[in-house]
Amino acid sequence: DAMVIQNPRYQVTQFGKPVTLSCSQTLNHNVMYWYQQKSSQAPKLLFHYYDKDFNNEADTPDNFQSRRPNTSFCFLDIRSPGLGDAAMYLCATSRPGQGAVGTQYFGPGTRLLVL
Amino acid sequence: AQSVTQLGSHVSVSEGALVLLRCNYSSSVPPYLFWYVQYPNQGLQLLLKYTSAATLVKGINGFEAEFKKSETSFHLTKPSAHMSDAAEYFCAVTDGSGNTGKLIFGQGTTLQVKP
Chain A
1 DAMVIQNPRY
11 QVTQFGKPVT
21 LSCSQTLNHN
31 VMYWYQQKSS
41 QAPKLLFHYY
51 DKDFNNEADT
61 PDNFQSRRPN
71 TSFCFLDIRS
81 PGLGDAAMYL
91 CATSRPGQGA
101 VGTQYFGPGT
111 RLLVL
Chain B
116 AQSVTQLGSH
126 VSVSEGALVL
136 LRCNYSSSVP
146 PYLFWYVQYP
156 NQGLQLLLKY
166 TSAATLVKGI
176 NGFEAEFKKS
186 ETSFHLTKPS
196 AHMSDAAEYF
206 CAVTDGSGNT
216 GKLIFGQGTT
226 LQVKP
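Chains as they are written, first to last, in the working numbering: chain A, 1 to 115; chain B, 116 to 230.
By construction, these hints were calculated from the structure, which means they are not laboratory data.
Just so you know, not all the hints are guaranteed correct.
[To be verified] Partner residues are not named here, just some residues of chain B that face chain A (Cβ under 10 Å, in silico):
hint, residue
1, Leu-159
2, Gln-160
3, Leu-161
4, Glu-203
5, Gln-222
[To be verified] Partial list, derived from the structure: chain A residues whose beta carbon lies under 10 Å from chain B:
hint, residue
6, Val-4
7, Tyr-33
8, Cys-91
9, Gly-102
10, Gln-104
11, Tyr-105
For glycine and all other residues, C-beta sits at the position ideal for the given N, C-alpha and C.
Start from the sequences and build out the full structure, keeping to the hints where you can.
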């Protein structure tokens, strides 16, 4: 089945230690998104790639970076995690049609714990 | 700017009872509207979407939603609740930013189903 895969499902890191979260997709979608979701809150968009074009949200901290080496993979790098970065990180993909908005399909998420 | 309001952060129903989760949106352009469900420690799963076709939209697991432009509403209903419906539900609208369809989420409604 075509899907969005996130690894690992749970990640523990230390305060200030860089961490990378991974997302891959077999849907061949050209847009990939990263969301941060804190407990009991709605997902918050951090950034997205439309093909190779990177689009950062205005309020995304510089501590968060992303890479998309090819269509299938996208990475979220947190350069110096703080305690406030503990959250669920969700990857989503979409394939917009001409003049139509593509539906976003989400992965299972990676829960990040910062010690 | 577009926004979504979900009335009621917690809704509790008995098994077999009607489920009604409320969503109101604001948008200056015709919106695309979505309902997603999230089970604990999982990603978001698409229940249904409205994309300016039929105003009554049927989704998975027996859920449906009706787009009412005059009321700027997109409430989610299910005739008979099942224990497995207990989850967090998010209503979302696109912000009209081209084809990338950035989602604006409501704050979510937790559905509790009592036996």
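Measuring from the C-beta of Val-4/A to each C-beta in chain B, is the shortest one below 10 Å?
-> 8 Å, holds
Is the interface hint for Leu-161/B satisfied, with its Cβ closer than 10 Å to some Cβ of chain A?
-> 6 Å, holds
Under the criterion of a CB-CB separation shorter than 10 Å, is Gln-104/A in contact with chain B as hinted?
-> This hint holds: Gln-104/A lies near chain B, its Cβ roughly 6 Å from the closest one there, short of 10 Å.
Quick one, is the Gln-160/B hint okay against chain A at 10 Å, beta carbons?
-> 7 Å, holds
Interface hint status, Cys-91/A versus chain B (Cβ within 10 Å) | This interface hint holds because 8 Å falls under the 10 Å limit.
Is the shortest C-beta separation between Tyr-105/A and chain B less than 10 Å?
-> For Tyr-105/A, the interface hint holds, since the closest Cβ of chain B sits about 7 Å away, which is under 10 Å.
Do the numbers back the hint for Tyr-33/A, that is, is its least Cβ distance to chain B under 10 Å?
-> 8 Å, holds
Supplied contact hint for Gly-102/A, tested at 10 Å Cβ to chain B = 6 Å, holds
Does Glu-203/B pass the interface hint, meaning its C-beta sits closer than 10 Å to a C-beta of chain A?
-> This interface hint holds because 9 Å falls under the 10 Å limit.
Do the numbers back the hint for Leu-159/B, that is, is its least Cβ distance to chain A under 10 Å?
-> 4 Å, holds
Return the status of the interface hint for Gln-222/B: holds when the least beta-carbon distance to chain A is below 10 Å, violated otherwise.
-> 6 Å, holds
Of the numbered hints stated above, none is contradicted by the structure.
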